[in-house]
Structure formats: structure tokens, C-alpha cells
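8 protein chains.
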Amino acid sequence: MNTEDLKKILSDLKSGELGETEAATRIQNLSYEEIGYARVDHGRASRQGFPEVIFGQGKTAEQICGIFEKLVHRSPNVLITRTTPEVYGQIRNIYTDAEWHEPAKMIRVMRDTGDLGMGEVSVCTAGTSDIPVAEEAALTCEAMGNRVQRIWDAGVAGIHRILGERQRLQNSRVVIVAAGMEGALPSVVGGLVAVPVIALPTSIGYGASFNGLAALLGMLNSCASNVTVVNIDNGFGAGFVASLINRKS
Amino acid sequence: MNTEDLKKILSDLKSGELGETEAATRIQNLSYEEIGYARVDHGRASRQGFPEVIFGQGKTAEQICGIFEKLVHRSPNVLITRTTPEVYGQIRNIYTDAEWHEPAKMIRVMRDTGDLGMGEVSVCTAGTSDIPVAEEAALTCEAMGNRVQRIWDAGVAGIHRILGERQRLQNSRVVIVAAGMEGALPSVVGGLVAVPVIALPTSIGYGASFNGLAALLGMLNSCASNVTVVNIDNGFGAGFVASLINRKS
Amino acid sequence: MNTEDLKKILSDLKSGELGETEAATRIQNLSYEEIGYARVDHGRASRQGFPEVIFGQGKTAEQICGIFEKLVHRSPNVLITRTTPEVYGQIRNIYTDAEWHEPAKMIRVMRDTGDLGMGEVSVCTAGTSDIPVAEEAALTCEAMGNRVQRIWDAGVAGIHRILGERQRLQNSRVVIVAAGMEGALPSVVGGLVAVPVIALPTSIGYGASFNGLAALLGMLNSCASNVTVVNIDNGFGAGFVASLINRKS
Amino acid sequence: MNTEDLKKILSDLKSGELGETEAATRIQNLSYEEIGYARVDHGRASRQGFPEVIFGQGKTAEQICGIFEKLVHRSPNVLITRTTPEVYGQIRNIYTDAEWHEPAKMIRVMRDTGDLGMGEVSVCTAGTSDIPVAEEAALTCEAMGNRVQRIWDAGVAGIHRILGERQRLQNSRVVIVAAGMEGALPSVVGGLVAVPVIALPTSIGYGASFNGLAALLGMLNSCASNVTVVNIDNGFGAGFVASLINRKS
Amino acid sequence: MNTEDLKKILSDLKSGELGETEAATRIQNLSYEEIGYARVDHGRASRQGFPEVIFGQGKTAEQICGIFEKLVHRSPNVLITRTTPEVYGQIRNIYTDAEWHEPAKMIRVMRDTGDLGMGEVSVCTAGTSDIPVAEEAALTCEAMGNRVQRIWDAGVAGIHRILGERQRLQNSRVVIVAAGMEGALPSVVGGLVAVPVIALPTSIGYGASFNGLAALLGMLNSCASNVTVVNIDNGFGAGFVASLINRKS
Amino acid sequence: MNTEDLKKILSDLKSGELGETEAATRIQNLSYEEIGYARVDHGRASRQGFPEVIFGQGKTAEQICGIFEKLVHRSPNVLITRTTPEVYGQIRNIYTDAEWHEPAKMIRVMRDTGDLGMGEVSVCTAGTSDIPVAEEAALTCEAMGNRVQRIWDAGVAGIHRILGERQRLQNSRVVIVAAGMEGALPSVVGGLVAVPVIALPTSIGYGASFNGLAALLGMLNSCASNVTVVNIDNGFGAGFVASLINRKS
Amino acid sequence: MNTEDLKKILSDLKSGELGETEAATRIQNLSYEEIGYARVDHGRASRQGFPEVIFGQGKTAEQICGIFEKLVHRSPNVLITRTTPEVYGQIRNIYTDAEWHEPAKMIRVMRDTGDLGMGEVSVCTAGTSDIPVAEEAALTCEAMGNRVQRIWDAGVAGIHRILGERQRLQNSRVVIVAAGMEGALPSVVGGLVAVPVIALPTSIGYGASFNGLAALLGMLNSCASNVTVVNIDNGFGAGFVASLINRKS
Amino acid sequence: MNTEDLKKILSDLKSGELGETEAATRIQNLSYEEIGYARVDHGRASRQGFPEVIFGQGKTAEQICGIFEKLVHRSPNVLITRTTPEVYGQIRNIYTDAEWHEPAKMIRVMRDTGDLGMGEVSVCTAGTSDIPVAEEAALTCEAMGNRVQRIWDAGVAGIHRILGERQRLQNSRVVIVAAGMEGALPSVVGGLVAVPVIALPTSIGYGASFNGLAALLGMLNSCASNVTVVNIDNGFGAGFVASLINRKS
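Protein chains in written order, with our numbering: chain A, 1 to 249; chain B, 250 to 498; chain C, 499 to 747; chain D, 748 to 996; chain E, 997 to 1245; chain F, 1246 to 1494; chain G, 1495 to 1743; chain H, 1744 to 1992.
Calculated directly from the structure, the hints in this document are not laboratory data.
Treat the numbers as computed from the prediction; the structure is a model and nothing was measured.
Careful: at least some of the hints might be erroneous.
[What the hints assert, rightly or not] With a straight-line Cα cutoff of 20 Å, these simulated DMTMM-like cross-link-like pairs (lysine to aspartate or glutamate) come out: (1) K1350/F with E1082/E; (2) K1848/H with E1908/H; (3) K1757/H with E1018/E.
[Claimed, not checked] Every beta carbon over 10 Å from chain E, so not counted as near; a handful from chain G, in silico: (4) E1528; (5) Y1582; (6) P1690.
Just so it is clear, CB atoms sit at the ideal spot from N, CA and C, and this is done for glycine as well.
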């Protein structure tokens, strides 16, 4: 937050130019830093319950590091998604204890490990190949203060595999289900539990999977009423929403 | 089959102009009647194991009746698919015992009820709304000499419904599974049985079901290896192939 | 639930043929009634927190009434979605106090009005034409025990309209946002609140809206991390998930 | 299968905690090994008539080898599809006699060569470029106990090429037809034979073939009633279903 | 052609303001009549070898009659495509001998029946339902001075039907092939003849035919090199191009 | 604008609770009337240079009239697009001099006919069937204070028709070009003039026009650099933007 | 052609086993060589007027060379399309005078340069980037005995460029028009000439060109009646059909 | 412009063969240079207000340099879009002061920096990753004589970021808004300003963004009436149209 901007608002408040409410709003809203190529949004934590995450794809290493430097001084936990080992190398020069998660291609700073959730978040996959996307979701949930249980490779073609996990699923406060190909697992899980299910389509498949489109359409048409959907391969988004659902008020 | 054509072939055979094999082929292949707007294919029964079926959609009542008259004198069982009660009225003037099947919109002549199958064909639906398409499949199977068991409304969002039918499914020689929306049921059934599963997508759904496209794509991407797929709402085709699979050699 | 099935399970339990846990599961799972064209799922309430809803589209009036009769004796609140005034006429013969909601094309029986939620659910629309779909969501939320506040016609092209509702939005436990055309409103709302946002695309629009596809894609690609998506025009599903999110554990 | 799990079930059976039927089901269903990233499904052989196949694409070499090790001790024949020469190098360290099939990019262990089929399976291609996909189907059929005859490069633009094979086709119990571009060959073959035809679209083509979409759509709309379809380039699936159709009961 | 415009050009020519070539071009190009809602293009006959045809769809009866009146005084043969019996009623008030072609929904004035072609045009259909579109093509060819032979219902699933017509096809100067569903017939015909084949996709089909898209894509990907394609259901266009190909220079 | 809201702002200003700038913004922004199903946006005129237009499609006659009543007292010119003669009947009861434009299906109140433009707006169509959409654009331009010249039926297949209008086109300040089918006209016009061209795709066509998609894609890919595009059939939008471009500052 | 096959047919003819006509057909049809991965079709020349062309894409260098060796001994002119300089290196070892055409990525053997056409073929492009595809068309035409005139970079955004070539276009017997992006040029050319126009969409463009889809759709919807279309980037096909159209009978 | 062509026209004028008007048109239109692979269009400046720009993609370095040499001698400002540092190296050999703009991948010659605009052009982006495309637009605007203000990273999920720029936006004569993902920013900006907004979809995103399709569709369906759209990633086009809108007449 720019000091001069802040001073101006406060002096206006003092002089009666601004009312209290308005001054508060302005302070809250204007709380981003402009660093040329980005407006780093420090207000998001108070508005949304979590600091801004750096979406790595399509940004240069320089840009990522620049934004990271601004964020790491303010927020205990920071995430960089869809990034590379090369960027990780540079990030470690800034903050040594940053973690690298190979399957998820994610960098994570995790200084606050407190539990903020009402219950547990379950993260399931239909197949082994869906694990990287599901890991992005699971790591996000952990960084946002949730306990997570992972259930890998439990697709519908061997239905006993997911049925064997019924107990754990039914004890969760929210379930994330990652699946590629025909994307049928969320419907089955949806029918087993009485909590929200976040369907996470992955681009796993070939031919008429059209890079995840088949799974996405399947999930949007789920006959289970408790299913909502996020974008293909959007593990971060799934984890983010699950965390908000699970959050103690 | 035109008599003159036949005579010509036979006289050529006699005169040595044609060999035996060739004469046989010609007789078999040329066995259709040209009636202006259609070539009625009487050879199909010997080539494919069943007489030609009349696809009603896009034909005038007059054309349907014209083709039906040719077929009904040669084949014990005849099917007219995708037709209307109006056409049925006219067909009954030609053959009184023709049956009308309202949900499937099908006219059926069923004079031969012999059992030609190795085992039973199961026909399942995910929901109540899928029944009309599934009935088209079931009626076709019966007309082609199969015993059929119907399992309606057993979609994956209440997985115990299909699991409760496991025994019957596993005793079948082939299973047809009709589903709209996300089309997930064939994958689940595929994982339960050791026989071929014919996935039959229906146009039931709305929004991102895109008139059955979501179900179709889901089924094509099934993670169960024993699943093949027919066109959206193609109950007849599903029943036809199931009958060929089940046929005693 | 079929009495003979139940007795069989209980006698097996008694004889030691079945264990307690297993008997419980069987009783819970087998609790649907088969009525020919449908398996009425009385177990869903205990599994999912709400009785089965009748999806009216694609079912005959006879089928709807048949299922309704089974449900209305067991569940205080019942919903029939995507139906017609004609069906409503027949339903009133079964249960006089059923409500008809014209814009949402929904029949509702609402005998239990208790509040089961942690907070309020807000339901917004971008335009006037999105109201019918949003009403389906709002009516569902109410039937599932939630307090609902409606915010109509607050699309992004007049951004002050949604900003003027910021306070109410930020006080909600979950927000549903219905929008057609470019579907931009959920992203804006997502950025204003710290709770889950359920994006509800509608088929409102023309030309390149492709019956809601543009809105759907927009919402799936939302740059706000707290947004999940349901099918086009799926007001019921949006309301159902919102209710689960808001439910007191 | 985990010994402790098994013991537990058996002791429960003995103590009367579990009935016989239930114990049987549990044993059958729980027969998978969890190895972290995968649940190796040893029960599939009894349920589906063939051991689990390793779908190589999207798995690390380490994961493939880990699963392979579990499978190779139990099943005489094992397949790894969509894999690489590099993985083959590592597999040979585990099992020396594994075969590498270059065009199909498949690793095969083939210790049981018994004939389980009622008749022969024919595998055809429209063009030379379709051979790799067709080979995947043919190799799968052989591994599942079928005699296979290969008919390459017999596309419809030189119709005499497929007509010249009529005899062989008509003697088969089931026919697989691989084609890219317009995908017309299955319809022609379908009209020549009285057995099921499995249409196998390939991604061969360019421009408006849209990576096999044109062929896929063509096959789904086949005017021959005995045609079903699998996913684009899914040679394995085509071979698997053909094997089930051909299997002696 | 407006007289004043013409006079102006001629006087400019006379005065030396315009050269001969330019004057000719201007006269040829400006030869359309503006009648408010349309520019009736009398120059097209000299530029393209045939007078303008009235595309009926999307025009009011009044507009069609207005344009027809202008054309019928200049051109011996006139076509109105995609129109209705109602419009035909009004057209007959203008010109009594106009013909109505029910299947093709076409009005035709046919006063010049001279033969302008090098050879014959064959028009084939795959099925009975494709006849209306094929008739539009055939009627157009006749109106443009060609001899036409019609070959109906000769689809690839009964390949002997088209093979039986090989002789007639090979004697044609150009072949039009109309097909819906998978649209495979043009490839087969293309392989049988040494002349151009115009593939004419029709919207006949259902489900994954997507209103002719499957047929269109199939034809665009034809493995026969002598195939070109026109728009779905564009019988007129197919007939027009065939006529130009067949025209004696 | 609600009086109490306004008073509150003014009293806050007076008391020093609000500054001048903020008060101004609030007054400007809050200037909509909430009438239940809609927020009538009176501020739009000052923000956008024109009063809100009523998009008729998807609104009930009652809703349209309700909004119209609010607007007609404040704004000299009012438009209702995509509406019906029935609504027109009701609107005339409110305001007698409202105009009905049949081809455009538009109601217009036109009390201010002053010229606000820098130059003229040209509106062209490729064919006769594109006129209704183009009229919507032209009527909008006039209502927003522009002189309009209409150029109908000048498609590229008779290129001299548009070349003949080159002079008029080059004298315009902005050109709107409506075209369906292949949508080629905007590229040609774009190459002829040195001003912005607004390409207006229409849904005119059939088959592979996919309801205007072909025209839309063509226009988006125009090789003329001065072309921008609006939605299919969005005549109003094209007219609106053209008016803003032409407006004297 | 296999000698034994031929002898068998001839001896059957002699013995009266076969008639003359049949023997002729068999000889003509069976005239392909099977070389394992391909059936080299020597009969195509007599059936289609040109020897088989090798479509290089998707074939190994070994396969291409194997087929080439069979063809080069029989046919004066041979084409290999979509190939590489590496393959060219190997082809030159077989036939030294083979030509390499870099932009078209084509190998050509051109020993017969006789003129077989009624007139000239014009090949146009809209832009410079369309030249490689157009060259494939032009080289094919030449190899099939046509005189070709090339008109490059004459797109519609500078309409005078194509108008300047009007004379040459109008003197051609057939015109090929290659264009990417919006693909508008064929419609303009179609309106200028009285001969068939073959529209050749290219994949040139970006964004909403969707790799040539926009151009393809535009051309299929051409408002010029004399336009037919081939697949995206199918220069060979365009050249082939143009040659058949131009061929002296 | 070719001298001989010019002389011919002038002599024709003199001799009275040509009139004044026609001569003028011919001179203006024929003013391109043919250099084999391209027709360099020197007339475009007078027709369109700016010299031809070289679209680098799909052209060889040789072709780009060849065209550049022709243009750089006539026009003070020249642009080469979608090119590479390698081409830049060669261009500097021709003209040393050419600029290289890395993010936009653009080469620019900028010798005339005069201001030709009525006001300012604002260029906004929703995110950091949209900057390269937006820079292409901004650099184009500058080269065409406009003052530009850049507003980066102001997407709708943090709505205060764009609201904070309201003043600057409202002072612009035209606004370009670049956004990927859901593409919602143009609608919000459109509602804030009274000038034309050019929506510039970018291919930024993943999964269901389908390379910019989601953003494109969103923008085409904008509920703000002052929005028009250009192709995905077409920064140049957006800048070009904005310059024409802003140009002083």
C-alpha cells in the first residue's frame, strides 16, 4: 500500500473531506501495489480469506519473483502454481524454505499450519494419471488450513474401490473428485455423500476426450445434485473453494 | 427379385457364360427390388441374419407402406422404427396383427418367436426418461430371437440400484446400457461384468448435455475396456448388434 | 421399502448369516421402491440430506404423479422441477396445498419451514430475463431450510448496481449468481466476497451465446478463485449445493 | 490380496459375523493391492475375463514398472499400451521375454497362447497409416486367446480391394475395421458380413479430419446396423471387446 | 438496366470521355435493376452462363414475386428454390406454366430444353430420404441444359446396389452423390469413375449426425481424389457446378 | 432516483460526512430505479450518451411496459428491440406516437431528430434477407442522432454492385456491413474505405452456416485491418457503436 | 498384377467357368500389388485417369520408397505429397531425375509433359502465405497435363488486385482459389467467371481461424453458385479435380 | 507503381481514350508492386490512412525483408508483426533504426511521431499475461499517430483496480481492453465509459478457455452496447481500428 495514498485518505478523513465508512473502503480497496506489469493485491486476504496466489503460467521468471517478493513479506503461506523447477531455483534465493512439489508443479511456502476447518477435505482421483492435478488441490487445501485425506486410483470401472472408501468419504465436510476420460466418478461419489462434491475434470485421455472436454461435460451433466464443477485441470480452484466451504465461520 | 434377371443369370450359367460361384453371387447380390424411391434389399437377411428394417423418419407414409408390403410377404418379423400412430393406422390395413409400441414409436410384426440366442440380453437405463430409447433396443432384440431382461432407472447417483442387479447382469451374454446426461452408467456396468457392454447414449438432458453429446463423449472415453458405443438414441442399432453377439453360430 | 426384503435381512441378521453393520447398510441401501418405470429412492434423504426431487422434463404426467404419491407421504417438502400447469392441476388432486411457481415452472410442497442454515444464501441475476432460473435456485434453497435474499438485474454493464449490494453479499454464507450472455457477473461477485460463489449460467442470449455456452465457458474460466459452476439453467442444482454448503453440521 | 484382510474376513465368517455370500463378495471385491499411486486390480481377471492392462500414457516409467511387477507374477499374459522403448528397456530387466511391438508402441508378455475363441477375428485397415492402431487391436486379440487375420490397406476408394476379401470377412466371428479420414470402411464391411463390426476410428488425416473426429462421426452414423464404435485410436479397446464377443462361453 | 445510366455511358463514349473497353465493362457490370430490397442481376447470365436464381428462404412472397417478374421476361428458364406451395400459387398468377416440384420445394419455368452438355450428369442418393435434395440438383441440371440420370437408394451398406450401376456411372461426364448420415457413398463412387464427383451432404440422420455435419466432414476427408463438396442440402449448388463442368465450350 | 437516498447523500455532504467528489459519484451511480424485476438505469445516458434500451426478447409484455413507462418520461428517444406487434399494441396505450418497424421488429419513440454526428453512417447488406438486421442498426443510428444511408443487396458474388457504391462508402464516417452465409462483404468494404467498418454477421444461411457461425468466424478473421465485429444478428449493437464513433465530441 | 491370378482367370474364361465380361472386370479390379503394408493400385490409372499418388504423411520413408518403386516403373508421372527432404534423398537413389519442390513439400517425377486440357487452369491465392498449398495444386495440375497460370497475393482487402486479373480468370476453363483467414476470395472470383471454381481453404491464420475452419465454413457457404470445396490444405485434391474438369474427353 | 502502366493510363487520358475520373481510379488502384510472392500495396495509405503492415507469421525471412525494402522507402512508419529476433537482425541490416519490441514480437520503424488523434487511446489488460497482446495494440496506435495510456492488470476479480482508473478511462476517445480467460473486463469498462470499446480477446488461459474461445464468446455477448470485438490475439487490428476512430477528420 502506497504511503502517500494512505496519508491523503487519512488527512481527508481528518479534514472532514471523507467520512469514516468511505475512508475505510478506500483503504481496503486501494490496497494493492502497482509494480509495472502487475497490481499486487494485498487486500484480497481480507476480502477473500487468503492472500493472492501467483498463477505461474504465462509469466516470466522475473515477473513471478517480483510478485513473490511483495507477497512473502505479508502472508505466512504463499502458493505459486503451474511453474517450473527453474523458477523454484530462483524463488529459493528469495526464501530458502519454499517447498517444491514435483507432480503438481507447485512452489509452496507453508509457515502457518493451523487448522481452520470444520472437518476434513477428501481428495479422490479416478486414475493414477489424475494425481498431479489432485495434488494441486490437496496442497492448496493444506495451505489454507485444512486437514486432507487422499484417495487415489478409485475409478468407476472397479466400483468396489470407491465403495471401499465410503466411510471416509461420508465423514468429510467436502469432497474433491478429479477424473479425466469420461469423468464419471463425481456422480458416483455425489450419490454416496451428503456434502458438496467439487468435480475436477482433468485433461487425461486421448481421442474423443478432447483434452478434458468429455470429462467436463460429463461432470456438468451429473445426475447427482450435489456436484459443482471447476475448469479442466484447475486443481487450485477446487482446493480454494473446498477450503471456503470447510472454513469455520 | 426380378424374374427376368434371374432367368438371364441361370441361362448364362447353363450356357457356360457364367460359372457356378459367380452365378450364386449374382443371385445373392442382385436380390433387391427397385420400387422407384427405394431398393428393397431382400438379400440382407442371408447376408446379415435379419430382414431389412424400415427407418421411418424422413420417409412419407406412402413410402413406408410401399416398402412394408414388399417385406411382410417374405420375412416373419418386420420392424418400422421412428414412426407415428398415423402410419400405424395405415400399416394395420396391410397387416392386421402389427403391434404398436408407444414409448418406442415402433411398429412390429412378430410372427417368429423362436429363441436364437446363446444367453440373455440385459437392457438397462440410468433414468426413467431413457426408457423409450431402451425399449427400441429391447423390442429389436426380441424380434431377432433373444430373451431380454429390462432393468430401468438404475443410474449411478444411487449406485446401490445397479449393484442390486449385479447377479442378473453377470448372467447375461451381453448388456445394453442406455443413459443420457453424463452417461456414466456403462462404465460402472462394464466394470461389473465379463461380457460386451453396448453403450447407448440418449438425448435426455439439457444445457451442456448438447442433446446427448455429453453422454456420447463420456461413453466413448469409458475407462471400462468392454464398452462400445452406438449413435445417440440409436436403440435399434444397439439391439441389432447385441443380437448378433448373442447369436448361436 | 419392500417388507419381505426387510424381513429377510433381519432374519439373516438374527441367524448370524449377516453382521450388524452389513445389515444396516443393506437396509439403508435397498430402501427404494420399484414402481415399474422408476426406483423411488427413499434412502436419499438419509444419504444426502434431502428427499428425491422429481425432474419433470421428459416424464409423463402419469409418471410424475406416480412418483409424487410415493414421496409426499414421507417427506415434508417435495419439489417438482421443469413441469407444467397441466401437471400442477393433477398434483393438486393428490395434495391440495402444493404451490405453483410460474416463472420457475416448479411445483413445491413446503410443510417444513425450519431454518437449517449457518447464514443466508444470496441469489443474484445479471438481468431480468435470468430471473426464472434464479427463482428455481431460490425456491430450492428455501425448501431445504435456508433464508434467501434475492438481488435481481445487477449485471456488470452497470457495475454500480452490484457494488451497491456489496454489504448484503459480504454477509452471506454462500452466493448464487445467475447470468446469461457473457456470464461475467460471477467473477465480479467472486472478487467481492470471501465465501463460495456458485455460478449459474443461463441460456439467455442469442447468436454467439449458443444457448448458454458462452456464459458457461466464461464462468468455468473465471479469474476469481472462489467460483464453481453448474450446468446451464440448472437452478435446482445451484440451490441444492448452496444448501449443503450453508447447512449447520 | 492382503493376507490380513483375508484372514479377518475368514475369521468373521467363522464367528458368524459374516455370511458365506457376503464373505465371498468381499474376498472377490477387495482383491486389489494398494501401492500408493495405484490400486492394482487382481480381481478384474475373474470379473472381466482378463487381467488388468497397463495404460502407459501419463504414467511415469517407475509407476509402470511398479504395477507391472505386481501383475506379471499372477497373469500369464500382460499388456502395456502406449509406451516407449525406454520403458521397454526397464521392463526387460524385470521380465526378459517381454516383446516390443514398434508400430503399436506396445509391450507384451505372452506366455499363454491357447485358443479361447469360437472363430477368427479379422482386423482391417483402410490405409497403410492406420496399421499402428490396428496392430494394437490385433496384438490384444492374440493375447486374449484369439486367432487373428490381418487385412491391410483396403479402403473404399478402391472398393475391389475390400470386395476381394469378402470370403475371409464372412468367415470371421467378429471384424474390427480401423480407418481415419472419412471413416467409411466400416459401413461397407458392415454390409458384407452377418457378424458384429467394431469400428475403430484413427486420427489419420489432416484439416477437417480434426484428429479423427470426422472418422468417429462417420462411424457413429453408419447406415450398417451391425456397427459399434470405440474411441479414436483405441486399438486396445477394440481388441478387448472383439475378444469378449468371440469367447466360447 | 437503367436507360439514363446507359445513355450517360454511351454519350461519354461518343464524346471521348470513355474508351470502348471501359464503356463495355460499365455496361456489362451496371446491368442490374435496383428494386428497393434487391438488385436484380441481369448481367449474371453473360458472366456466369445462367440467369440469377431466386433463393426463396428468408424472402417474403412479395419479394419473390417482385424479383420473378423482372427475371421471367428476360430468361427462358427460371428457378425459385426453397419455397412453398403458397408462393407457387402467386407465381402462377404471373406465369401460368410454372412447374411445382413437391419433394424439392422448387418452382421451375422451363421454356428452353436444349442440350448444352458434353455428356450426361448422374445424380445418386444413398437413401430414400436424400431424394428431395438430390431432386433439387437434378432439376437444376435439366434447367441448365443437361441430360440427367437418377440413381436412388444405393448406399454403401448394400454395396452391390451401387456396383450394379457402375456402367451408367462410368459413362457420365460428372456425378453428383447425395448422402446423409456417414456420407460414405461419394468416396465409393469416386473410386469407380474417372470424372469429377460432387459430394452433396444432406441433413438426413439424427444424434451425432449433427444435422449433416458428420456427412459433410466425411466428404471433405474423402480418400478419393476426385471428390469436391458443397454445403449441406445445397442441391442447387451441386447442380449448378455440375452443369458448368458438363458444358460444351 | 430514490428521493430518500438522494437526501441522505446530500445531508452527508452537508455534515462533512461526504466530500464533494464522492457525493457526485454516488448520485450519478445510484441513479437507477428498482422496480422489482429490473433496475432501470437512468444514469446510463450521462455515462454512455444514450438512455437505456429495452431488449425485448425474454421479457414479458408486462415487464417491457413497466420499464418503458419509466424511460419514456425522461428520454426523448426510446427503443424496444426484438419485440412483437402484440407488445406494440400495449405500448401505444402508453405513448401514442410510438413507431412500429416490422422488418426490424422494433418499437421506436423518436422525438429528438437533431444531428449529432461528424458525418454519415452507411449501412450495407450482402443480400435481401439481411435487411431486417440491418434495419435494426439503421433505426438505432437515426435514434441516436445520425444521418444514415442504406445500401441493400450488394454481396460479393456480384462485386460490381458494391464497387458501384464506392463513392458513397468513402464519404461515410463509419460503415456497418451486414452479411450472412460466408460473411465476406466486410472484408471487401474494409479494403475500399479509410474508416472503421463494423461487421454485423446475420444468421441467414443454412447447413454449414450454423446459424451465423460461418459469417461470424469469417468476419473475425477479416484480412482488412479496419474491421471489428459484433454478435450475430446484433443490429442494435452495431448501430450503437457506429453512433459513438460518429459522435461529435 | 500377380501372374498366377491372371492365369487362373484366363483359364477359367477358356474353360467357360467365367464369361468374358466377368473376366474383364476381374482383371481390371484385381490389378493391385500387395506388398505387405499396402496394396499398390495399378488399376487406378485406367479407372481414374491418373496413377496412384503417394500421400507421404504418416508413412515411413521405407514404405514410401517401397511404393514408389512399384509405381515409377509403370507411370510416366508420379507424385509424393507431404513429404520431406530426407525422403527426397532416398527417392533420388531410386530415380535420379525426381524433382523436389520446397514450398509444396512435394516430390515429382515428370516425364510426360503433354497437354491434355481443354483450356488453362488458373490457381490464385489470397495471400503470400497461401502459396505452398496453392503450389501443391499447381504442380499436380501440371503433372496431369494442364497448362497453369499462377496468380499470387490477390486477396479481397485490396479488391483491385483480383479485378486486375479478371481477363485471365475469365479465359480459364477452371479456377482454383486458395485462401486462409476468412476465405472470401472464392466468392469474389466465383462472381467474376462462368466456369467452376474450386475453393481451397488453407490453415493460414490464427485465433478464431481455428486452423482453417473459418475459411472452410466461409467457402461452403459461398453465395456464388459455381463454387465447390475441398479439405483444408488439400492442394493435391484441388489440382486433381481441376484436371478432370479440364480434361478433353 | 509501374511506370509503363502509369504512362499508358496517362496517354490514354490524353488521347481521350480514358476520362479523368477513370484515369484517377486506375492510377490509385493499380498502385501495387508485384514482386513474385506478393503484391505490395502502396495505394493502401491513401485508401486506408496507413501503409501496409507486414504480417510476419507464415512468411519466410526473405519474403519479409523483400516486402520491407519496398515499404521503408515510401512510408515514414512501418510495422512488422508476429516476427522473431532473427528477422529483426536482418531488418537492421536494411534499416538501422528499426526498433525491436520483445513482448509484442514486433519490429517498428517510427520516423513520424506527430499526433493525429482527437483524444487519447487507453489500452487495458485484465492480467499480466495479456500484456504482450496489448502492447501490440499500443505500439500500433502510437505508430499511427495516437497518444496512448496503458493500464495493466486490472481484471474484474479485483474490481477496485479498474474502478480506480475510471477517470482516465472516461477521458479517452476510445478504449482497447485485452483479456483472456472469461474475458469479462470489456463489459465492465463498457459500462463505465461513453466511447467505443474494442474488446481484444487473448489466448491466455487453459482447459475450457480453448485458446481464447471462451474470452471471444464472452466479448461477443457483452451486455454493454458499446463493445465490438476483434480476433483472438489480434492486437494489431485493435490498435488499427482504434486509430481510425480517434483520427481527426
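Consistency of the hints with the structure:
no.	hint	verdict
1	K1350/F with E1082/E	violated (24 Å)
2	K1848/H with E1908/H	violated (28 Å)
3	K1757/H with E1018/E	holds (15 Å)
4	E1528	holds (18 Å)
5	Y1582	holds (22 Å)
6	P1690	violated (5 Å)
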